[in-house]
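Undergrad: Protein chains in written order, with our numbering: chain A, 158 to 355; chain B, 158 to 355.
Worth double-checking, as some hints may not be accurate.
One copy or two, it doesn't matter: identical chains are merged, so the pair holds either way.
In silico lysine to aspartate or glutamate, DMTMM-like type, Cα no more than 25 Å apart, as pairs [unchecked claim]:
hint, residue 1, residue 2
1, 209, 193
2, 209, 349
3, 209, 251
4, 209, 277
5, 209, 164
FYI, nobody ran anything at the bench for these hints, they're computed from the structure. What you are looking at is a predicted structure, and each value in this text was computed from that prediction instead of being measured.
Protein chains: 2
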Amino acid sequence: MIAGPIEELVRLLARLPGLGPRSARRAALALLRRPDTLLVPLVAALEACARKVRRCSICGNLDTADPCAICADPRRDPDTILVVEQVEDLWAMERAGTFRGRYHVLGGTLSALDAVGPEELGVERLLRRAAERPGIEVILALSATVAGQTTAHYLAERLAPSGARITRLGYGLPVGGELNYLDEGTLAAALEGRQPVG
Amino acid sequence: MIAGPIEELVRLLARLPGLGPRSARRAALALLRRPDTLLVPLVAALEACARKVRRCSICGNLDTADPCAICADPRRDPDTILVVEQVEDLWAMERAGTFRGRYHVLGGTLSALDAVGPEELGVERLLRRAAERPGIEVILALSATVAGQTTAHYLAERLAPSGARITRLGYGLPVGGELNYLDEGTLAAALEGRQPVG
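Using the sequences and the hints given, assemble the complete structure.
TA: Have a look at this one:
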């Protein structure tokens, strides 16, 4: 008995992470109750994102410009690259506010099951960046999960010939935790206590 | 360091019920990762809702037609009106599938604090419907909260002169519910409303 367009809206909202069928219904009604202050602005924001947001061809960040604002910022140290799994992780690190280098966003972790290999993670792109600037530091800021650490180990091996100084985030990172869920203080501490690998 | 359009998207998503800043960020990235299968369809669904969905001038339900599909359905008993607070409640009742009458959606409860009076709840509209069909049953299916019950009490008083038969939903043990997890008020109501067995 839910009208077709509302049902379709509920179905799509329910596909967003963190929303189930019940919260999708509540969200749809919240939108329908506030057409001018919520629904129409949301349409505009979604369209602006679809039109303007692209992936940075250097680091894989999402931004309205390519290269992204971080890669294009001359004040950001080009000799330090922090490797993260997802854009969420980059955002979390930026909120922590202490990192002044640049990023490489993998977009995931190596996974035979999901057919995610080095190509999907832009590993060659990362290796080229490391080769172009000898003596660079590459900080492997991956989640302390099996997938994250397997990927970190693989990256450390691939990066070794470039002579890059390879580090990983230090103490503060809880074992089994995901970077994206950490508080800013812990992230800052982990960055400060980073350790050489191998 | 989040790009402007993404930040705006996150801000609007965070205003939806059930989404906080963190889940809004995750939802925004989920949308950006699936432009063709999620973002663009969501824009279309939102626009279709904005364009087509209206409030039923009889019952207050949301539908693409006015009167809504329920009010326009001759198989739905016009002599039983179930009064609910919100469209969510109407949807929940329709999912239960046993009610064959019609609805009145208040859109809220009486609240001096939020300046919600009888006009906002369409009380005159409900009274007219009751007056037009003498001997009608009005089921007050409002929440078992102070606000819900205050509103139900007010509606019962206003409806009394129409001669309508006024009922409320039965209180008691939720089906599938465990006694151990119920609050004292529900237990007392369930005891009070006990039924003969066999």
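Undergrad: Within a copy, between copies, both or neither: where do residue 209 and residue 164 come within 25 Å Cα-Cα?
TA: between (29 Å within a copy, 13 Å between copies)
Undergrad: When Cα atoms must be at most 25 Å apart, do residue 209 and residue 349 count as within-copy, between-copy, both, or neither?
TA: neither (35 Å within a copy, 55 Å between copies)
Undergrad: Within a copy, between copies, both or neither: which one fits residue 209 and residue 277 at a CA-CA cutoff of 25 Å?
TA: Intra 23 Å, inter 41 Å, cutoff 25 Å: intra-copy only.
Undergrad: With identical chains treated as interchangeable, where does the CA-CA distance between residue 209 and residue 193 reach 25 Å or less: within a copy, between copies, both, or neither?
TA: Result: close both inside a copy and across copies, 23 Å intra and 15 Å inter.
Undergrad: Should residue 209 paired with residue 251 be assigned to within, between, both, or neither, using CA atoms and 25 Å as the limit?
TA: For residue 209 and residue 251, the Cα distance is within 25 Å only inside one copy (21 Å; across copies 42 Å).
Violation of the numbered hints given earlier is confined to hint 2; every other hint is satisfied by the structure.
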